[in-house]
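Going line by line, the protein sequences match chains A and B. When you line the first sequence up against our numbering, it's residues 2 to 263, in that order. When you line the second sequence up against our numbering, it's residues -19 to 347, in that order.
These are calculated hints, taken from the structure and not from any lab test. Among these hints, one or two may not hold up.
A few chain A residues that don't get close to chain B, going by computed Cβ distances all over 10 Å [to be verified]:
| hint | residue |
| --- | --- |
| 1 | T24 |
| 2 | L28 |
| 3 | T42 |
| 4 | F87 |
| 5 | R89 |
| 6 | V186 |
| 7 | V232 |
| 8 | L244 |
Mimicking BS3-like on lysine-lysine, the simulated pairs with C-alpha atoms at most 30 Å apart in a straight line are [to be verified]:
| hint | chain 1 | residue 1 | chain 2 | residue 2 |
| --- | --- | --- | --- | --- |
| 9 | A | K4 | B | K26 |
| 10 | B | K137 | B | K74 |
| 11 | A | K4 | B | K142 |
Note that this is a predicted model, so its numbers are computed, not measured. Glycine included, C-beta positions come from ideal geometry on N, C-alpha and C.
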Amino acid sequence: MNKAIFLFTMKRYFHWVNLAVGTILLLFCSITCGMLQTVDTPLTKEAARSFLFGPLIPIMVSYLVISPQVANSQRRKDGEYLSLIFSRPIERWSYVVTKWLTGSTFVLLVMTLQVALSYGISCIVGAFFSVQPGNVLDGYAIIDGILNTLGFTALVVFISSMPQRYAAIVVLLYAYIIFLLSFTVGTASYLDSLSIEQVSKNMTAIAQLLFSIFCVGFDSYHVVNSSNLPVANVLIYMSNVVLYLTLATLVMSYREFFYAND
Amino acid sequence: MVSAMGSALRGYSVTTEAAAAATEQKKVPAVLVEGLVKSYSFGRIKALDGVNLQVDEGDIFALIGPNGAGKTTLMGCMLALLRVNKGRVKIFGKPADHIDVRRVTGFLPERPSFESWMNAKEFLQFHQMLAGRSADETAAEDIKQALEAVELETVSKRQISKYSRGMLQRLGLAQVMVGKPKICFLDEPTSGMDPPGMEMVRTLLTQFRKQGVTVIVNSHHLDEIERACTRFAFIRKGKIMTQESISNVASKMMIACWAGGVAPEAAILNAALNECGGTLADLNDEHAKIMLNDRQDASKVIETLVKNQISIEEIFFDRRGLSELFKVEVSDERRSDDSKNSPTGSTPGSTQDLPPGQTPDSNSGAN
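Excised from the complex, chain A in its bound form:
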């Protein structure tokens, strides 16, 4: 890992504009989660659980991509600044891994803040309405939070390693796949409700396949409590993270950094 890249990227993430946007997101998720924790029904507990990290991880990680542009007032040509960075003694893999770890560290720091804020808010609201705040943070949530952050950041590092025009295409493609995934799951549930079980099963299988290939999320509760030992889930998660980081390194290694005006 490159110390200079880590320290200065982290410093850039803490630029006041980034902090302002991060704080708004953080407050939104923390207030929602904190309020939900004070309502003692299974449904709200589940909602609180999903609000603990659910929306924050993808939003924060995605934000890491645009944060350099937000922090920099000057518009930069693709690859212009990287040409200066790569004229220094930095291996491309080291750059990718450093960016991945820096992004993950930043998001995990924000998430830790969110947990503290959520509990603070739920305690205040609970005290006001004389309700005992529920505890939604368990071992599963912590593991999921860390692993999902590492996974999403790997994906984002891969996308941001590409030249901007290709990155835009990949993001669109990815969005389409996620849409397809949601559509398949939704249709499968509907068909299931109509008792068209075989089709529903097939669609669910397709959804699972898409999920395993393109998603970098992890559900530790499912993995631990599954009747079969879901080694495949763990392997798929790990291989996806490794795959995205490897692809990012390959893209960086084969990319050209032309910095001229004409």
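Assemble chain B onto chain A, guided by the hints.
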């Protein structure tokens, strides 16, 4: 102001390691480019076409040529920022993308694009760390000296986004210095700079030269190049047309003044010069500028001109050799383009091919 700058630069210690390494690797050229081919758009645009280049250690080497000649591409290949299609680039005997090469490389891009949210001091600290120099005992002092050398010490805590173009260029030069390079690639270092800034670049180049640091400069400021550089290469259409020492070129341009202000016809003069290996660079009612292949050809040229009954009042060597060479090379290019386009062709060597009032380099301005 300039003397203060000079003393700051003298205080700056790029030297020790560079000088020590210089003695070690005396025989290995600093840069060796062999048969370099680089094309874009799947081979449709050939930016470099079989470039061969050698830069010795301690040289202040200039790359000159018209816009789109391939200078920046060549620099990009030497920095391993661009992948070559054919040929090889070696820096101090190692491949250009070797990590050891980058440890001793300094680079100033054509258009400085820095982290605008940082201030100058942070930016230099960042690059010092990237270059692996932050653990040096003199790290903090080096940053201070670099800022003094480029006269940014008073604005070192100002955010980079508030810097002017010239200030960014100065910061870029400071960034090169803090890495304590053995070889520097400076792409248009004087671009956007005021006259004191240009003077500063010249002082810096002289300082690098004294310290044995190899510098490759890409610039359109030919007068600056002539003053500060030791050797140069002229690139045209992706090929190296000329590669020699500045002093050699400066003494190869002759000016012949016509007796009685009567100029010979361009065709007659061209024919005479063809006999003795000279090239007509410019012709008017008062004089002609003649580029020699070799300084030794001067007597032959005079003899030929006299033999052809061309009356000369005075003949002398012009010191403004590089800009004249640039004119000749660019006008050659235009003539060859014209002759390809025109079915009748045109008179070689005649500047009268150009529209009235237009010099051969009028389209070859700086980027």
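Results of checking the hints against the structure:
1. The claim that A:T24 lies off the interface holds: its Cβ sits roughly 18 Å from the closest Cβ of chain B, which is beyond the 10 Å cut-off.
2. Every C-beta of chain B lies more than 10 Å from that of A:L28, the closest at about 24 Å, which supports listing it as non-interface.
3. Distance check for A:T42 against chain B: the nearest CB is about 46 Å away, which clears 10 Å, and the non-interface claim stands.
4. With a closest Cβ-Cβ approach of about 6 Å to chain B, A:F87 is found to fall inside the 10 Å limit, against its non-interface label.
5. For A:R89, the shortest C-beta to C-beta distance to chain B comes to about 4 Å, within the 10 Å cut-off, and the non-interface label is violated.
6. Distance to chain B confirms A:V186 as a non-interface residue, since its nearest Cβ pair spans about 42 Å, more than 10 Å.
7. The Cβ of A:V232 sits about 39 Å from the closest Cβ of chain B, beyond the 10 Å cut-off, so the non-interface label holds.
8. At roughly 24 Å, the least C-beta separation between A:L244 and chain B is larger than 10 Å, which holds for a residue marked as non-interface.
9. Our distance criterion of 30 Å between C-alpha atoms is broken by A:K4 and B:K26, whose separation comes to about 39 Å.
10. With a CA separation close to 38 Å, the supplied pair B:K137 and B:K74 exceeds the 30 Å bound.
11. Between A:K4 and B:K142 the alpha-carbon distance is near 27 Å, which keeps this suggested pair within the 30 Å criterion.
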